[in-house]
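S.K.: What follows is the residue order along each chain.
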Amino acid sequence: MSAHFLIVEALKKVFPASAGAVNPPVFEDIHFHIDKGEFVCIVGHSGCGKTTILNVLAGLEEATAGDAFMDGREVRGPSLDRGVVFQGHALMPWMSVLGNVAFAVKSKWPEWSKEKIKEHCTGYLEMVGLGHAIHKKPAELSGGMKQRVGIARAFAIQPKMLLLDEPFGALDALTRGTIQDELLKIVQATHQTVFMITHDVDEAILLADKILLMSNGPHAKIAEIVEVTMPRDRTRAGIHHDPQYYRIRNHLVDFLVNRSKTYAGAETGMFHDPRNPPLVQPGLDGERAPVLTLASDKSATSLKQIVNH
Amino acid sequence: MRSLSLKATLISAMLFLVFIGAWHMATLPKESLTLSTADAEYTALMGKGAEKSGGFPPPLEVGKAFVKYLSDPFYDHGPNDKGIAIQLGHSLARVGLGFFLAVLVAVPLGFVIGMSPLLLRAFDPFIQVLKPISPLAWMPLALYTLKDSNVSGIFVIFICSIWPMLINTAFGVASVRRDWINVARTLEVNPLRKAFLVILPAAAPTILTGMRISMGIAWLVIVAAEMLVGGTGIGYFVWNEWNNLALPNVIFAITMIGVVGMLLDMIFGRLQKLVTYRE
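Residue numbers (the numbering used here), protein chains in the order written: chain A, 5 to 313; chain Y, 93 to 371.
These aren't lab readings, by the way, just hints derived from the structure by calculation. The beta carbon of each residue, even a glycine, is placed where N, CA and C say it ideally should be.
Just so you have them, the derived chain Y footprint on chain A, three or more residues with Cβ under 8 Å:
(1) 56-65
(2) 101-111
Interface residues of chain A toward chain Y, partial, derived using beta-carbon atoms under 7 Å:
(3) Val-88
(4) Ala-94
(5) Pro-97
(6) Trp-98
(7) Ala-143
Just chain A, same shape as in the assembly (with noise of 0.2 Å):
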C-alpha cells in the first residue's frame, strides 16, 4: 500500500450549520490513490465537494476525518510539494506575469539570484507559450493567458504532484482547446502527477489515465473509477477517431446523467465497497457501443446543460 504515491482514506468532511443543526456530511468514504506519474482527473456534479478534496489534498482545509498521505508523510497543511493551479487564476494583479511566477519561485528557492531566479521563469513562461508578454501586468492579459501563467506558476516550483482546480473552467471552448493540448504535452513531457478537477467529460478524456466518479453530494462517494484506456500519446485532434473514446465518454456521461444520484446516500440498496470502488475500463468492451452512441447525443447535450449550468 505505501507503493503508492498519494493515498487518501476515509476522508470525511462536514461544514459546520448554522444554529446547532447537523448538517450531513458531503463526502465521506473517500478511499484513492495516485501513483507517481498518473493523471488523475475527478468528475461529478456541483456539490460533491470535488473542491473540498482538492483543497484538503492542497492542505488549505481540513477534513473532518480521514487522513492523506503523499509520497509516505501525511499531508499537514500547504506545502511547495504541492502546486496548486486555481479556479480563477489569483494571479496578484500589481506583479507582472514574470514577477507572478518569480514570487514562487523566490519562495522555493530562496537563495537563488535575481538572474536565475529570472531564467527560470521565463523559461516556464515561455513553455506556456507567453515568452512576449512577461513584462505584462496580469490586467492586460486574456483570460487564457491568465490561466497559463497560473499553469506556468504551478510548473515552475516544480512540484512533486499538481492539482488543478477547474482550471479552464472560465474559459471559451476555443482557447480551452488550446491550452489543453499544452497541458497535455507538458504533462507527457515531465511525468508529472497531477490531480484535476473538470467538469468537462472530454477533458477528462483527453488528460486522465484515471478518472475518478462521484456520487452526488450529500454523502457522496467515489462511485467507480474509469480508466482510460487508450495509448498515452493522444491528441485532441485524433482522439475522436479511437473506437474506445466513444464508449469511456457514452458511459461517463451516462453515469453523470443516471447513475450518479442512484449512488447518492446511505438508502442506495446496491452493495457498493467505498474502500475498493470498482474499476471500469469502458473503452476495452466493444459490444455495447454502437447502440450507445446513438442515444447518448441527447444525454451528451443535455449534461453540458447540467454541468456548465
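Got chain A; can you put chain Y on it based on the hints?
M.R.: Only chain Y this time, still in chain A's reference frame:
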C-alpha cells in the same frame, strides 16, 4: 475629451467672473450722496476719508491683500506679523507630524486587527466610540496632560487622523482576496513576506483611501485647533486678522486654506493612483 475640458475651464472662468462681479456690485460703497454737508464735514474732521467704507470688503481690497501677502510670503516681523508661507508652514508641520504619528500607529495596528477576526471584534467597540468624538473635545485633556499648546495641537491632529486610517487599513487587510492568501499559503511564504508582498499591496488602495480621508480631516481640524491654541499657523492667522477686523486678510487666508487643502488632496490622489491595480 479635450474640448470638454476646454469648455469646463471656460465655464469655470465665467462663474468666477460672475461671482467677482456680483461681489463687487454688492459691496459698492454707499455713495456720500446720502451724507449731508454737515455729516461730510464731520467725517472729514474725524480724519476719515469718504472712500473708507466700514462694510464688507470689495474684491479690489481683497485683491490688494492677496498681492501684499503673496509678494512677500516669508517675512517675519515679530510674533503677530509673519508672512503667509511661514504661517502655512507651521500648520503643515503640525499636520504633517500629527499625521505621520497617526500613520505609524494606525497602519500597523489596523494590519494586526485586520488579520485577526477576534481582535477586529475586540477593538470594534472602542473604535466606534472614539471615532465620532470631535477632535477638539480632546483639547482640554491634551493641554492638561501634555502641558504644551503646540504639542496639544499635534495630538489633536494625531487623534483625528487615526480613525479613518485604522478602519480602512483593518478593512482592507481583512478583505484581501482569499485566492491570493491561498497562493501565499501553498507557496509556504513566511509571514513577513506575505504581509509586505501580498497583503500590503492588496490592501494598499484601501489604506491610501483612509489616509486621504484622514488628511482631509486633519486639514479641517488644524484651523480650528490653531484658533484655540494660538501662536502660529494659518488658523491663528485667521483669528488674529479677525481680531484686527481685517476682513480682506481673513478672506485671503480662507482662500489659502482651500488651496492648500486641495493640493494635499491632490497629492494623496496621486499616491492612490500609484498603488491602485487593475484586475
